[in-house]
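Asks: Produce the complete structure using the sequences and hints provided.
Number of protein chains: 2
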Amino acid sequence: MHLIIDGYGANRKMLESEDMIYDLLDRYPSQIGMTKVAPPQVFKYVGSKPEDWGISGFVLIAESHISIHTFPDRCYVNIDIFSCKDFDSEYAIQELKAIFEFDEIQKYLLNRGLEYSNVEVADLKAT
Amino acid sequence: MHLIIDGYGANRKMLESEDMIYDLLDRYPSQIGMTKVAPPQVFKYVGSKPEDWGISGFVLIAESHISIHTFPDRCYVNIDIFSCKDFDSEYAIQELKAIFEFDEIQKYLLNRGLEYSNVEVADLKAT
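Protein chains in written order, with my numbering: chain A, 1 to 127; chain B, 1 to 127.
There could be a bad hint or two in this list.
No copy is singled out in the list; a pair is fine if it fits within one copy or between any two copies.
Mimicking SDA-like on lysine to any residue, the simulated pairs with C-alpha atoms at most 20 Å apart in a straight line are [unchecked claim]:
#1 Lys107 <-> Met1
#2 Lys44 <-> Asp103
#3 Lys36 <-> Glu18
#4 Lys85 <-> Asn11
#5 Lys49 <-> Val37
Everything labelled a hint here was simulated from the structure, so no lab data went into it.
Please read these numbers as outputs of a predicted model, since none were measured by experiment.
Replies: Right, dumping it as structure tokens:
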């Protein structure tokens, strides 16, 4: 299962903190029943457009990963949770909403696996 | 843009080699016009089901990433190329086909970005 979230109107303090993104990637796998195979990698990025700076972070879990890319000046964040085993995507979304305080998200849920799979797309207003 | 590939019938030698997955993640970003922000991380994984062992690898590129999870006993591989800037997805697919020798792929192409986006799904027979 691969849960993809693009979050809008997120809390800028969270998006601009390397430490908070690291802490999230460090503790979140066990919260949703996954096992890290290495410590997270987190970097600050400053590109050619100054407003597109942000934090990129990643943690490898067993045959799976979680990644986060933030754009603090745009209050925007991309999050991927990809696991070869099922997890509770609604719980994951609610947890991430509480952490990032999105106003709105675009969500994709892909049932990637050993058999052919399908895709479900939804716009969700944060509640 | 986020290109997601699930490849079936791939070359087992490629899927089971930590070195070859590392080399691919090390050189592939520049091949498709991206810049690494850290060296790749690559690990061998052996889970509770012996046939589900494989190699997981990841490289962070500017506000983006490439990840690979292989299942050699199933000749199966999951590949994600996520970039905040556009890239030639057809070129990327052709390159990956040549490297992994898939018989067949399931492809998802998500136009994730700063505006709302859409999703395109396709089954492709390898040619």
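Asks: For every hint, state whether the structure bears it out.
Replies: Now the hints, each set against the structure:
1. Lys107 <-> Met1: both (13 Å within a copy, 15 Å between copies)
2. Lys44 <-> Asp103: So Lys44 and Asp103 fail the 20 Å test inside a copy (24 Å) and across (39 Å) alike.
3. Lys36 <-> Glu18: Cα proximity of Lys36 and Glu18: in one copy and across copies (19 Å, 18 Å).
4. Lys85 <-> Asn11: neither (30 Å within a copy, 24 Å between copies)
5. Lys49 <-> Val37: Intra 34 Å, inter 17 Å, cutoff 20 Å: inter-copy only.
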